[in-house]
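Q: What follows is the residue order along each chain.
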Amino acid sequence: MMDSNTPEPAAQPEQDGRRSFIKQAGGLLGLALAPPLISQAERLTAMSKKVEGVTEMRLKVNGTVRTMQAEPRVTLLDALRERLDLTGTKKGCDHGQCGACTVLVDGKRVNSCLTLAVMVQNKEITTVEGLAKGEELHPLQQAFIDHDGFQCGYCTPGQLMSGVACLKEGHAKTDDSVREWMSGNLCRCGAYPNIVAAIRQVEQSGFKG
Amino acid sequence: MNNFSYTQASSAKEATASRAGTAQSAYIAGGTTLLDLMKANLEEHAQLVDINLLPFKGIEQTADGLRIGAMERMSDVGEHPLVVQNYPAVSESLLLAASPQLRNMASIGGNMLQRTRCGYFRDAAFPCNKRVPGSGCPAIAGDNHNLAILGVSDACIATAYPGDLAVALAAFDAVLTLENAKGKQRRVPVTEFYVLPGRTPQRETVLEPGELIVAVTIPNTAHARRSTYLKVRERTSYAYALASAAVGLDVQGGTIRSARVALGGVGTKPWRSPEAEKVLTGAPATEATFRAAAAAALRGAQPHDDNRYKVELAQNTLVQALLAVSS
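Chains as they are written, first to last, in this note's numbering: chain G, 12 to 220; chain C, 4 to 330.
Rather than coming from a laboratory, the hints here were simulated on the basis of the structure.
What you are looking at is a predicted structure, and each value in this text was computed from that prediction instead of being measured.
Think of the CB as a built atom: it goes at the ideal place given N, C-alpha and C, for glycine as much as any other residue.
Just so you know, not all the hints are guaranteed correct.
[Said to hold, decoys possible] Stretch by stretch, here's where chain C covers chain G in the computed footprint (C-beta under 8 Å, at least three residues):
| id | stretch |
| --- | --- |
| 1 | 119-128 |
| 2 | 134-146 |
| 3 | 150-163 |
| 4 | 181-192 |
| 5 | 205-212 |
Just need the whole structure built from these sequences, with the hints factored in.
A: And the structure:
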């Protein structure tokens, strides 16, 4: 379920960590790492926000701050899978056409294959590994099992993340609406009718995400 | 994807200065077009300048109409009550485009700068006058089923802008605000922002190197309030338009007082049709009028082997859209 690496504890030393890190990085990162409430004065001293070559990046994934070494060209998808061992998020087309890589960034669904990790450092990232609470499945995960919403399962993490967002957005009120608002997630096995049924079941149960 | 440096700008001045400092630099907002092109090695940049912190935000009524900041996202604009209420065609053009994920990411400014889906442009193994000027255009005698029939040249027949929003914006006289490195702003109508391919298909817009898109402003008009965007695709959803129509009519007592028509998927740029508008204005709002307008809109079409069907498809799309807004 979670990756085998022991995740770092949640970032309590946010302030200290940030300051020492900025010094370490020669003042290169500044804003990308600054918490949103940073004062104007601090913001100015932390200017010059150029990132070049391999640097340390921090991503907050499923509530846990993780660090990794990466170049600016590394996508969020590759960061999750290759650096943080969160392989639940799948790489399908790698061009934003299939939706297998869908994750939530600050609660909104995005294609992680077209997102640069360096650009989401101070945002909340949720992957399929973050849906269940311990052993208790998310209602949509349970509904996918109830309705057989998959065959090979490769698109399923993306379908789940997109489905969770679809429910939260209020776009799951009819079968047609689900079909339209889930159209960014392809399923080559053709489990579409069962995926629609699973999402509709959760919607009708009154779950709001 | 080649390696690049990443710079986060917090003001327009900082963005333009950063970009001017490095040759082969590009701005990045949502990144949905740019990273796709870079992964396919169709664009290479040594530096990406992140413009998401720029204050080009907000959706607000102004004396000139609805002003939408270039950093607003397609999803937010498409479902914004002022857009839904006063510019249904604009809302529909956004919500029928891409996927919910891409709409959450893509900015309005970036949407304007999408590049063609021509298969020859997107495969670096082929010559392409847009990609390598002077190398030739295999699309003219090749697979051109999804390419343009209006505004084509001997050098290029690509639908340079493959999207939807700019088609609706072109129909309703929207104006882009641009800002250059000196901080000077200028206003360019969307219809003049895109240029025909002619002999220089590598040049697609009048945007100067380093110039930023700040906002788009759409006049508040009766024909924009009574408008729609109809999109015909190879599948029901999540595909580019084979043909589309953004139309708006101001009908009073059965007579069309003013009309706006633009076509997507068929022109080398978002295709405003003054010819169709001329037929519609002052005429009765009937199917016969709409048929005549559609014929006028496509009169100059120059189809090729695989896209001949688009002449009829575009006419029918336009007629259906006009019927929808007039009923």
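Q: Taking the hints in turn, state whether each one holds.
A: The hints, checked one at a time:
1. Counting residues of the stretch 119-128 of chain G whose CB lies closer than 8 Å to any CB of chain C gives 7, which reaches the minimum of 3, so the coverage claim holds.
2. Counting residues of the stretch 134-146 of chain G whose CB lies closer than 8 Å to any CB of chain C gives 0, so the stated coverage by that chain is violated, three being the minimum.
3. Judged by the Cβ-Cβ criterion of 8 Å, the stretch 150-163 of chain G is not covered by chain C as claimed, because only 0 of its residues qualify and three are needed.
4. Given a C-beta distance limit of less than 8 Å, the hint that chain C covers the stretch 181-192 of chain G holds, as 4 residues qualify and 3 suffice.
5. A stretch counts as covered by a chain when three or more of its residues have a beta carbon under 8 Å from one of that chain; for the stretch 205-212 of chain G and chain C the count is 0, and the coverage is violated.
The earlier numbered hints that this structure contradicts are 2, 3 and 5.
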